[in-house]
Amino acid sequence: MKILHCCLAAFYIDNYSYQENVLPKMHKIQGHDVRILASTETFINNSLLGFTESGKYYNSDGILVSRVPYAKFLPRFIMKKLRFYNYIKINIEEFKPDIIFLHDCQFLSIKEIVKYAQKNKNVKIFVDGHTDFINSGTNWISKNILHKIIYRKCAKMIEPFTEKFYGVLPIRVDFYRDVYKIPASKIDLLVLGADHTQIDIINRNKYRDTIIEESKFEKDDFIIVTGGKIDERKNIHYLMEAVSLINNPKIKLIVFGSVTEEMKEKIMSFASCSSINYIGWISVQDSYKYLLSADLAVFPGTHSVLWEQAVGLGVPTVFKLWEGMRHVDVGGNCLFLESVDAIVLKETIERIFNDQTLYDKMKDVAINHGINKFSYFEIAKKAIAPNYFYSNTTNQI
Numbered sequence: 277m278k279i280l281h282c283c284l285a286a287f288y289i290d291n292y293s294y295q296e297n298v299l300p301k302m303h304k305i306q307g308h309d310v311r312i313l314a315s316t317e318t319f320i321n322n323s324l325l326g327f328t329e330s331g332k333y334y335n336s337d338g339i340l341v342s343r344v345p346y347a348k349f350l351p352r353f354i355m356k357k358l359r360f361y362n363y364i365k366i367n368i369e370e371f372k373p374d375i376i377f378l379h380d381c382q383f384l385s386i387k388e389i390v391k392y393a394q395k396n397k398n399v400k401i402f403v404d405g406h407t408d409f410i411n412s413g414t415n416w417i418s419k420n421i422l423h424k425i426i427y428r429k430c431a432k433m434i435e436p437f438t439e440k441f442y443g444v445l446p447i448r449v450d451f452y453r454d455v456y457k458i459p460a461s462k463i464d465l466l467v468l469g470a471d472h473t474q475i476d477i478i479n480r481n482k483y484r485d486t487i488i489e490e491s492k493f494e495k496d497d498f499i500i501v502t503g504g505k506i507d508e509r510k511n512i513h514y515l516m517e518a519v520s521l522i523n524n525p526k527i528k529l530i531v532f533g534s535v536t537e538e539m540k541e542k543i544m545s546f547a548s549c550s551s552i553n554y555i556g557w558i559s560v561q562d563s564y565k566y567l568l569s570a571d572l573a574v575f576p577g578t579h580s581v582l583w584e585q586a587v588g589l590g591v592p593t594v595f596k597l598w599e600g601m602r603h604v605d606v607g608g609n610c611l612f613l614e615s616v617d618a619i620v621l622k623e624t625i626e627r628i629f630n631d632q633t634l635y636d637k638m639k640d641v642a643i644n645h646g647i648n649k650f651s652y653f654e655i656a657k658k659a660i661a662p663n664y665f666y667s668n669t670t671n672q673i
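Residue numbers (the numbering used here): 277 to 673.
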């Protein structure tokens, strides 16, 4: 089938591990003819949002990407919110997709998708959602003007032609229902996941041995891994402080990711601790290697795609508890923390380290239930076939 992935409601960043990168890749692996239609918004130097040139090119997965520019009849700062684009119609009609998968729907040029659906009755449309009141709608204008009026209009325009709206977190399922007023019968959960093509998941020890050697750790060390874009809300500084307070040389922490300017001094002040190895920004593939090598992954702040990646690699985890984000618990693989500071994290890590029965249960559940449920190979099938049920065996693509 011809599948067009549209990334027009936000940025599209090449060579990252976001859902909009991995789902098209999996659909191509599964034999579909895939293209990506994206905005020109991207990351500059892996840190700051900016813009690239419009045009067409093949990405590293061999998928044709068409970057389309904003229309120019309004100032750029307004257009970034309303999102009218040039060349949507010509790109869709040139490809003639059987399936259109919208990664979010908050763009007013969605009317071009509607027009195509009206003319092509057999096209199937799916819409996912990455928006909630933690990452969006944090001020009155955003909540009441953008989301409850403008973006709701976008969602309601495409609703009659949409097979299924997917929230990628339970809290984002609620957002579609409560804010955009999409009927509950049209909404489902489509979790984020792990891309098992990035790593040889059955050879964990191979990666672990290399990382232990590079980090100058010991083979029997208990290795904790965390990472991502390190801002204040990720609370990674609390985790680093917690490890620095633990009086046990066998407990080690590896931190990866770029640090925001306001957090650099605090992060670097803990990075000199002998039990902590801060390695900076790393590639997607390397992030998988570090997570797979971990005895425990800890994410003490706001959500990132690394949560589901860790679960999808079968790693026991600790998460900050957020309403509507318990989906990463597959039966005991993780612990949730209602409040987070250095002392709470220190006590939690020591509890897991000292209670072998607890840790063994977390690890067993993580491996036997997390890997398959959070496999992007399986998730990609459900994305275009809502009634698809995951197979019972772990897929090792």
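Calculated from the structure, these hints are not laboratory results. Every residue gets a Cβ at the ideal spot worked out from N, C-alpha and C, and that includes glycine. Worth double-checking, as some hints may not be accurate.
Computed list of lysine-lysine pairs in BS3-like fashion (alpha-carbon distance at most 25 Å, straight line) [stated by the list, open to error]:
(1) 278 - 372
(2) 365 - 332
(3) 387 - 432
(4) 304 - 332
Simulated restraints on C-beta separations [what the hints assert, rightly or not]:
(5) 640 - 496: 34 to 42 Å
(6) 426 - 460: 21 to 29 Å
(7) 627 - 453: 32 to 40 Å
(8) 332 - 634: 47 to 55 Å
(9) 607 - 496: 26 to 34 Å
(10) 336 - 454: 21 to 29 Å
(11) 326 - 374: 31 to 39 Å
(12) 397 - 465: 23 to 31 Å
(13) 619 - 433: 24 to 32 Å
(14) 432 - 521: 50 to 58 Å
(15) 418 - 387: 20 to 28 Å
(16) 619 - 485: 31 to 39 Å
Here is what the structure says about each hint:
1. 278 - 372: holds, 8 Å
2. 365 - 332: Within the cut-off at roughly 15 Å; holds.
3. 387 - 432: holds, 11 Å
4. 304 - 332: Since the Cα atoms of residue 304 and residue 332 sit roughly 18 Å apart, the hinted pair holds (cutoff 25 Å).
5. 640 - 496: 34 to 42 Å: For residue 496 against residue 640, whose Cβ atoms are near 20 Å apart, the range 34 to 42 Å is violated.
6. 426 - 460: 21 to 29 Å: holds, 23 Å
7. 627 - 453: 32 to 40 Å: Taking Cβ atoms as reference, residue 627 and residue 453 lie about 37 Å apart, which means the hint holds.
8. 332 - 634: 47 to 55 Å: At 52 Å between Cβs, range holds.
9. 607 - 496: 26 to 34 Å: Roughly 28 Å apart at Cβ, these two residues keep to the hinted range, so it holds.
10. 336 - 454: 21 to 29 Å: violated, 38 Å
11. 326 - 374: 31 to 39 Å: holds, 34 Å
12. 397 - 465: 23 to 31 Å: holds, 28 Å
13. 619 - 433: 24 to 32 Å: Check failed, 50 Å falls outside 24 to 32 Å.
14. 432 - 521: 50 to 58 Å: For residue 432 and residue 521 the Cβ distance comes to about 52 Å; the hint holds.
15. 418 - 387: 20 to 28 Å: Holds, at about 22 Å.
16. 619 - 485: 31 to 39 Å: holds, 33 Å
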